[in-house]
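Let's have the full structure, built from the sequences with the hints guiding it.
Chains as they are written, first to last, in this note's numbering: chain X, 1 to 354; chain W, 1 to 354.
Because the hints were derived from the structure by calculation, they are not lab data. Some hints could be false.
To give an idea of the interface, some chain W residues facing chain X are shown, with a C-beta separation under 8 Å as derived from the structure [as the list claims (entries may be wrong)]: (1) 58; (2) 61; (3) 63; (4) 88; (5) 89; (6) 90; (7) 91; (8) 92; (9) 93; (10) 94; (11) 106; (12) 110; (13) 111; (14) 258; (15) 310.
Keeping only pairs whose Cα atoms sit at most 30 Å apart, straight-line, the calculated DSSO-like set for lysine-lysine is [to be verified]: (16) W:20 - W:342; (17) X:4 - W:348; (18) W:315 - X:236; (19) X:10 - W:179; (20) X:200 - X:130; (21) X:236 - W:20; (22) W:4 - W:179; (23) X:20 - X:348; (24) W:104 - W:130; (25) W:130 - X:20; (26) X:7 - W:113; (27) X:113 - W:20; (28) X:4 - X:236; (29) X:4 - W:108; (30) X:10 - W:104; (31) X:20 - W:315; (32) W:315 - W:4.
Here chain W is said to cover these stretches of chain X; the calculated rule only asks that three of the stretch's residues, wherever they fall, bring their Cβ under 8 Å from a Cβ of chain W [stated by the list, open to error]: (33) 11-21; (34) 331-345.
Idealized CB from N, CA, C, for every residue including glycine.
Protein chains: 2
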Amino acid sequence: MINKITKNTKIDFIENLRGKNATFMLALSNTETANIEGITQAGIPGMLHLTPTLDSEFVATGEVRSLEDIAKTPKGVPTPALITRAIHLLKPFHNIELLNLGLKNPPKVEYFKIHNFDIDPSDAIDQDAKIDAQELFQKGIEFGQNYTTSSEYIILGESVPSGTTTAKATAMALGYDCKDYFSSSFKNVPSNIKDTTIEKALNNIDQNDEIFSILGKVSDNMLIFNAGFILGLNNKIPLILAGGTQMAAVLLVVNKILEVMDGQIETSNLALITTSWVYNDENSDIEALLDMLNFPINSYYSDFDFGLSAHPALKLYDDGEAKEGVGAGGALVYGELNGLSKEQITSKVETFLG
Amino acid sequence: MINKITKNTKIDFIENLRGKNATFMLALSNTETANIEGITQAGIPGMLHLTPTLDSEFVATGEVRSLEDIAKTPKGVPTPALITRAIHLLKPFHNIELLNLGLKNPPKVEYFKIHNFDIDPSDAIDQDAKIDAQELFQKGIEFGQNYTTSSEYIILGESVPSGTTTAKATAMALGYDCKDYFSSSFKNVPSNIKDTTIEKALNNIDQNDEIFSILGKVSDNMLIFNAGFILGLNNKIPLILAGGTQMAAVLLVVNKILEVMDGQIETSNLALITTSWVYNDENSDIEALLDMLNFPINSYYSDFDFGLSAHPALKLYDDGEAKEGVGAGGALVYGELNGLSKEQITSKVETFLG
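Structural data, given as structure tokens:
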């Protein structure tokens, strides 16, 4: 089932995409924020920066290539890339494209389109992320303006370790009253370290900082670039932001930039789609985040869960240990729009786990 | 199974469409004929004119929107829109487009393409339908000539309350010897009222009436417009007329216009597809109707039935209470061409009935 998040959401937007083909685009970046001790439970200790690289390799090729010792893959919660890859196997995306928005290790894939923008990984926000936000935003705008595709719509996912921390810092730094609307990717959120990091980040902001100075200090590449991408694309092709609170933060950035620049945006071809795990998360509030926007936004969540699986690693999703990422929610809705059943998806994900 | 209707039918036409994507187009119109007391058992008493509106809303969005009191939906034979929607959920059409050919209430859908032609609902044929048939036919021609699509073929269904009555009147008025080849959508055909209506309609025709004067008095918007559409499209893209005797009547109109104008039509890309319920109907003869055409026509029926269902509402189809409409036969063949099983289709239709 595809369910609405915000009240102004029109089911017609998503129903009209039933049966249409999609490009799955994956925005990848690293921020040093992920290396702050104890800030995240995700990924492989000491190898956290590899997560977006490995996610994109796995979604595109079914192989994890940038890690030599496969035994070091995490034992705990499986990456949502498994869900996205399962959908791609059952009902392939028309196209997969990767956005390298500052990766320490570019994905080792050939043939697939990798968009490179000469962007460096960003620094940790507790010091100063040191992003040239204006330039990065401009790169996003130009990419959106020039982007053409033979696909009928775009599903944009992301993989950014510690991205929920930078998203929350960004929204708060921009003045949104949203302290309790963000949570981590994980159940037992290590709140103290996260909150301390965000506090330090906010303290770096100067009263006189204009919006791009603020973003450059506390944000991440994915958030800033995609805000530009949305504005550059300018509603010319349906775009689904496939993600939870991080994608909501991209919209909050767009919203604030429009506010500052006294601009407008047409959003009839824009939507956000996430998972039931995000929608039902008691530690965050995706609907409240979207309700802070000055423009209407179609938003949906897939009601998919792992209730049909007995696999303990997958039950962790239903227990709230993992919620979203790598476009999983958007991929699930894409699967449903193309006739896939919960049984099919569950079985396919299980084949990856052995 | 996909079976042939007429002997000259080539199975290769339909086999060549296996795996290709299709636009499902739904022609919708109202004729006052439906409000003649007792002429039809279809739809909701006093709300019959809403049937095409509700059918199109349901196929496109899964929701029935133009009826406030949902309790008033018919309890009896379920609309064939359920079949078409089930196919769309299991193996989506590439696109859904609606043709507003004179509706009292336009469907409340957004995003989906609704083609508007500034056509009014037509009057009852027992008086005089008062259609400007020449102008309407010309609108169909132009639509066909200008129509472009990224889909590989078109499936054209219809929803026109009392459309079997106007179809029979039209064919008879054009001089076809087809009195016993038409039946109603329903088992216990209220023949007296229907026949009286048709008789009155035929009595309105003047000896000197040329073809468009005749059509303007006794026909309906769907029949006339689609005859033009077929001729305007001119074989440039495969077109499947998804319907029973009404779609056969569209072809009879085309045939007569060509006869009068001494014209030709290439029909290698044209076909008619209907249901087993129409093909096996003892009160009508779709094959005999198609055999009256001067051009060859590929024609098929799906052997789908509700033999796997225990649901009493669905058994009514197998009992001959309902037969076709909303492109159900064409949708079933599209499903079969894309690997759907009778079990899958039956189960999906059942989910709508609770």
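Hint by hint, here is what the structure shows:
no.: 1; hint: 58; result: violated, 11 Å
no.: 2; hint: 61; result: holds, 5 Å
no.: 3; hint: 63; result: holds, 7 Å
no.: 4; hint: 88; result: holds, 7 Å
no.: 5; hint: 89; result: holds, 6 Å
no.: 6; hint: 90; result: holds, 5 Å
no.: 7; hint: 91; result: holds, 6 Å
no.: 8; hint: 92; result: holds, 3 Å
no.: 9; hint: 93; result: holds, 5 Å
no.: 10; hint: 94; result: holds, 5 Å
no.: 11; hint: 106; result: violated, 14 Å
no.: 12; hint: 110; result: holds, 4 Å
no.: 13; hint: 111; result: holds, 4 Å
no.: 14; hint: 258; result: violated, 35 Å
no.: 15; hint: 310; result: violated, 22 Å
no.: 16; hint: W:20 - W:342; result: holds, 20 Å
no.: 17; hint: X:4 - W:348; result: holds, 22 Å
no.: 18; hint: W:315 - X:236; result: violated, 47 Å
no.: 19; hint: X:10 - W:179; result: violated, 47 Å
no.: 20; hint: X:200 - X:130; result: holds, 14 Å
no.: 21; hint: X:236 - W:20; result: holds, 26 Å
no.: 22; hint: W:4 - W:179; result: holds, 23 Å
no.: 23; hint: X:20 - X:348; result: holds, 22 Å
no.: 24; hint: W:104 - W:130; result: holds, 16 Å
no.: 25; hint: W:130 - X:20; result: violated, 41 Å
no.: 26; hint: X:7 - W:113; result: holds, 24 Å
no.: 27; hint: X:113 - W:20; result: holds, 26 Å
no.: 28; hint: X:4 - X:236; result: holds, 23 Å
no.: 29; hint: X:4 - W:108; result: holds, 18 Å
no.: 30; hint: X:10 - W:104; result: holds, 24 Å
no.: 31; hint: X:20 - W:315; result: violated, 33 Å
no.: 32; hint: W:315 - W:4; result: holds, 24 Å
no.: 33; hint: 11-21; result: holds (count 8)
no.: 34; hint: 331-345; result: holds (count 3)
Going down the numbered hints, you'll see the structure goes against 1, 11, 14, 15, 18, 19, 25, 31, while the others check out.
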